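Asker: Residues per chain are reported as follows:
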Amino acid sequence: MAIDNVIPASCSARIRWWAAPSPILLWFLALGAAWLLLYVFYAETITILINWLPLLGRGLLMNVLISVLAMAIGTVLGLVVGALELSPLGWVQSPARGYVQIFRNAPLLVLIFFTTYVFPFEVKIAGQYLPFPDWFKATIGLALPASAHIAEIFRGAVQSIPTPQWEASSSLAFTRSQTLRWIILPQCVKRALPPWMNLYAMITMSTTLASLVGVTELLEAAKNASNTVNRTDFTILVYLSVLSLFFVYCYPITRLTRRLEKRFAYH
Amino acid sequence: MLEKFLHGFVAAAKIIGLNYSFLLSDYERIPWLSGIGITILLALCSILGSLLVGVVLAALLASRQAWLRGPARGLIELLRNTPTLVQLYCAFFVLNMLLNQVLGGAEHNPLTPFHWVVLVLSLHYGAYHAEALRAGIEAVPATTREAALSLGFSRVELLRHVELPLALRFSLPALTSNLINLVKSTALGAAIAVGELTYASLMIWVQRDNVLELMIFIFLIYAVLTYVVARLGRALENYLRMPGYGH
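Sequences listed follow chains V and Y, in order.
If you read the first sequence in this note's numbering, its first letter stands for residue 1, the second for the next number, and so on.
If you read the second sequence in this note's numbering, its first letter stands for residue 268, the second for the next number, and so on.
One or more hints might be untrue.
What the hints assert, rightly or not - One side only, chain V facing chain Y, incomplete, derived with CB under 8 Å:
| # | residue |
| --- | --- |
| 1 | P107 |
| 2 | W135 |
| 3 | L209 |
| 4 | F247 |
| 5 | T254 |
Just so you know, these hints were derived from the structure itself, not from any lab.
For clarity, every value in this text was computed on a predicted model and none was experimentally measured.
We put the beta carbon where it would ideally sit given N, CA and C, even for glycine.
Using the sequences and the hints given, assemble the complete structure.
Answerer: Right under this line is the structure:
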């Protein structure tokens with residue numbers, strides 16, 4: 001205990017990395033070992049899985065596409081809503097608050113059902129019929145709650161900057177927009193980054209909900225594969241692969257988020 | 268009386284272009300109303316289950332034995348970093364299938380999809396609770412812990428009578444927010460045909476094409492449920508508040 005306190009944090013980290021390997025490494029080693037064992041004992045099942053890999057891979061790409069797009073739309077929309085929430089004008093602020101309340105408190109699955117069934121399957125823009133595919137509707141269904149969360153993250157970050165900084169910069173002859181641009185926002189990025197990444201992991205995990213409205217993403221592909229092959233060992237294998245794929249994708253994001261949180265906590 | 272009220276409501280809604288005529292048909296109204304009941308039951312069972320799992324996992328995390336702490340931490344990371352729906356499928360399509368095979372047919376299996384949803388939600392949110400409670404246990408002042416140990420408390424007594432009660436007060440806001448997410452997640456039951464609110468509504472709108480009308484109700488009902496949980500959490504926070512401790 002006492003010795004721990006004497007060694008500086010950076011130094012102890014360097015000494016101990018081999019003695020206590022990072023949890024990510026341990027997890028990945030365990031997963032790798034499990035797969036190796038499976039391959040030794042169930043070579044036939046693994047071969048079937050390898051045949052299905054292109055389809056599953058395309059499913060995973062769909063998950064990544066939906067999550068990235070939903071997060072991009074959500075970020076742009078969320079920054080606007082968050083800025084409106086910060087407005088001193090009541091008639092600007094309260095609709096923004098209402099938007100955030102509605103989309104934060106509705107279940108994600110219900111929102112995805114909502115966008116899928118309420119939106120038309122094609123839109124007419126300038127005389128042209130553009131298809132409005134299900135995967136894009138599901139993306140919007142995830143972008144709406146994402147934007148509400150990002151609005152809250154943004155508002156929280158701006159409000160967490162002590163107000164004397166505004167006064168100090170105005171006494172240094174910065175205008176209000178210059179203060180926001182050069183002094184407040186750079187500090188907000190630091191504070192908002194960890195929760196933003198957390199949200200990305202959450203949205204990525206929620207992309208599986210799109211399978212319930214007929215989007216062929218990873219989980220749906222796995223379900224199709226398991227129904228087609230119809231073998232007990234393959235069903236076990238394919239669902240555990242989906243579970244481990246999501247874990248391999250999301251766990252590093254979580255770890256990185258925690259590290260950033262710790263690092264930024266002192267600033 | 269009820270009949271009259273329903274007719275009035277449906278007629279009034281029709282004026283503003285909303286089609287609630289399903290409320291007049293017994294075959295649709297009764298499953299839909301029982302869907303609300305099932306959602307509430309699902310939420311209650313999962314809340315109790317998740318708190319139980321959370322306390323057990325937090326106790327394991329607080330243990331001094333590495334062979335208890337390690338697996339608990341691993342399980343928590345696995346539960347927190349994989350989608351709830353994938354967990355539900357792994358439970359229902361894999362574990363339930365294996366259970367059917369062991370018991371010799373689905374008709375001998377006592378577990379229904381309802382049980383599996385409760386189990387998965389309890390484990391998933393139990394992991395989040397455990398993390399919140401662990402932070403609360405770490406926030407217990409070292410002097411308090413030493414005082415209890417010097418009074419002859421064993422490790423288990425220390426956890427049961429000192430650390431957990433204080434941790435509960437510290438982590439109640441986080442627990443409440445987890446429980447709100449849990450209530451929202453009960454909609455996942457629709458994925459494996461548990462007849463809860465979302466699934467019951469789905470059954471109606473595929474027949475009648477009145478998605479918007481049902482969505483208004485669904486949003487309102489989930490809003491009420493989450494509001495109730497939030498208020499209860501706040502009330503409990505006030506009730507348990509100890510001057511000078513916690514937030």
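Asker: Are the hints correct? Go through all of them and say.
Answerer: Each hint, compared with the structure:
1. Residue-level restraint check for P107(V) holds (minimum Cβ-Cβ distance to chain Y is 4 Å; threshold 8 Å).
2. Proximity of W135(V) to chain Y is violated relative to the hint, the smallest CB-CB distance being about 16 Å (cut-off 8 Å).
3. Residue-level restraint check for L209(V) holds (minimum Cβ-Cβ distance to chain Y is 6 Å; threshold 8 Å).
4. Interface restraint check: F247(V) against chain Y, minimum CB-CB distance 5 Å, threshold 8 Å, status holds.
5. Because the closest C-beta pair between T254(V) and chain Y is about 6 Å apart, less than 8 Å, the hint holds.
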